[in-house]
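*Asks:* Keeping their order, the protein sequence lines are chains S and U. If you read the first sequence in my numbering, its first letter stands for residue 69, the second for the next number, and so on. If you read the second sequence in my numbering, its first letter stands for residue 6, the second for the next number, and so on.
Think of the hints as simulated: they come from the structure by calculation, not from any bench. None of the values given here were measured: they were computed from a predicted structure. In this text, a Cβ means the ideal position worked out from N, Cα and C, and glycines have one as well. Please note that the accuracy of each hint is not assured.
[As the list claims (entries may be wrong)] Calculated pairs, DSS-like style, for lysine-lysine (alpha carbon to alpha carbon, straight line, at most 30 Å):
{"id": "1", "chain 1": "U", "residue 1": "Lys243", "chain 2": "S", "residue 2": "Lys196"}
{"id": "2", "chain 1": "U", "residue 1": "Lys243", "chain 2": "S", "residue 2": "Lys149"}
{"id": "3", "chain 1": "S", "residue 1": "Lys205", "chain 2": "S", "residue 2": "Lys191"}
{"id": "4", "chain 1": "U", "residue 1": "Lys197", "chain 2": "S", "residue 2": "Lys149"}
{"id": "5", "chain 1": "S", "residue 1": "Lys204", "chain 2": "U", "residue 2": "Lys197"}
{"id": "6", "chain 1": "S", "residue 1": "Lys157", "chain 2": "U", "residue 2": "Lys65"}
{"id": "7", "chain 1": "U", "residue 1": "Lys129", "chain 2": "S", "residue 2": "Lys216"}
{"id": "8", "chain 1": "S", "residue 1": "Lys332", "chain 2": "S", "residue 2": "Lys269"}
[As the list claims (entries may be wrong)] Partial list, derived from the structure: chain U residues whose beta carbon lies under 7 Å from chain S:
{"id": "9", "residue": "Asp237"}
{"id": "10", "residue": "Tyr238"}
{"id": "11", "residue": "Thr241"}
{"id": "12", "residue": "Ala244"}
{"id": "13", "residue": "Gly246"}
{"id": "14", "residue": "Leu247"}
{"id": "15", "residue": "Asn260"}
{"id": "16", "residue": "Thr264"}
{"id": "17", "residue": "Pro335"}
Residue strings, one per chain:
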Amino acid sequence: MALLEITNLTVEFATAHGSLRAVDQVSLSLDAGDIVAIVGESGSGKSVAMLALMGLLPWTATITADRMSFDGKDLLTMNPKQRRAIIGKDISMIFQEPMTSLNPCFNVEYQISEVLAQHFGGKRRSYKPRVIELLKKVGIPAPETRLKAYPHQLSGGMSQRVMIAMMIACEPKLLIADEPTTALDVTIQAQILELLVELQKANGMALVLITHDMAVVAETADRVVVQYAGQQVEQRSVIELFNNPRHPYTEALLSALPEYAKEKTLNAIPGVVPGQLDRPVGCLFNPRCEYAQDLCRQQPPQKSEGVLCHYPLPLKVASNSHSEVTL
Amino acid sequence: MFKFFFKRLLVLVPVFFGVTLVAFGFIRALPGDPIEVLAGERGVSPERHAELMAQLGLDKPLWQQYFSYVGDVLQGDLGTSLITNRSVAEEFFELFPATAELAICAMLFAIIIGIPAGIVAAVKRGTLVDQGIMSLSLAGYSMPIFWWGLLLIILFSNTLNLTPVSGRLSFLFEVEPVTGFMLIDSLLSDEKGAFKSALHHLVLPTIVLGTIPLAVIARQTRSAMLEVLSEDYVRTAKAKGLSPLRVISVHALRNAMITVVTVIGLQVAVLLAGAILTETIFSWPGIGKWIIFSVFSRDYYAVQGGLLLIAACVMVVNLIVDLLYGLINPRIVH
């Protein structure tokens, strides 16, 4: 049985201009130890889908799904208290902005030991040795001296390490990392990613990595989900996806990478992701797609072979694929 | 820490001159003078008037009067009341505990009800509960104190006969003033029922004086909580699997308190101003009533000294608020 199973998850927000569909029929299945990357532009519903799983969306959101289960437990029918027993313990999530995600009024020890006391009971203070151990694990030097530090005394990278220590404290089965490196320096980005993969291997937990950095995807993930305007347009293994993208959007994303640029300018995708008021008829990507035909402008496509497209790009036959991953 | 205090002390210099100048100027800008008021309807001959004014030193040019007053104050002498002939400082500190007791009770009333009301309104944002709390607080904020006091007296004292109309204690009791705080003194005395009587007398003035601060605190707590509740760290707290109560009362409230404490500090000044009306309505023998009396009798020194000491109280409270910031918010180190 899969660790996490989401089928046809849809999230709609009530706004002043009617309802906005941020996540549209997204499905995801994950086994223990998997690393899955979710990629897509800003506004493609990557974070929202995972926040829905965590139950962290504001009250304006309506969540529907055919199935949403974790470790055999149905997340859709359980009450808030049952869900809180799982959140932070078996499923945990780290966020994009480490500097604002830690509470400025509490020190490092308090914030980490709090989650341990919440899920395992007992006094917060009794977890001090465990907190030191966790800080050591995430690579914070001299952790004893950092226990009483407040978030404003930590750098961005250090804050993200504390955040990770907090979220792996209960040894979760699934860790969701929502653009964990976006707000950090490039050198620190690599360190944090390495740390996440290391922890993933050591604890055998599943890892969902939300990112818009294709290089990160190539380096860390086994499987990739490409999202566009709330829809999953393609889902396959990393090697297959990089060598043989089937959806025009995936192909366009890949060719926009600086590594693939053949001239002085990068290959940008024209236009922007559709918003609430300018959603096109038919395939949502059709106004920006170079292969779009009349059918694409009239009817929404159905998913086939993991690709949401009327005219998927052809499958390459001879695959001596490994050498082609050049990132 | 030392540097912080030193800086704060430096600020006192302009405040001192500002307060003394304003008090000195305003009371003299009122028509009439102490001699005319004392003489009353009988009047006084111009010669005798000039003689008495000269005796009190009030015939000199204003700037001379001001500087000699400031000189006296700097030497610790607030002057002598022109009416009672007692030292202004002595009169002030005799009456101050009554005002302090009322102000503290009113502030506690405002905080104990205002903060939870603001939190509930923020958490239940947009619902009837929120709208109800906010409408009530707007009504409270707009309520003229004197009218609100009279309404409460009519309802609770006249119609329901639940509370006394005025004073600090029933005439049946004789309580030795030890601290000047009636609640404490009545407990210290052997008189049975005195404490209950003191408490009864406090209820209405506390509500009347506390209403505006209560409304302000509730509104500010709500807006501070709304801002904090949308912060990333609140999402983190929820992601830890903490209960909503803990997320709100520990993670959000601590941050929201930074704003709320500022507002509470500012409300102290409002409270002391409100005390003047409240004490007059309820015949509460405190500073407010004394200042009003002093203004009406043109008791120059009492008004000047009283206002200066009230300003000092406000400054002390603001200093305490600044120190509290450091306790609530670790980013502030004095």
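*Asks:* Check the structure against each numbered hint from earlier and tell me which ones fail, lowest number first.
*Replies:* 4, 5, 6, 7, 8 and 16
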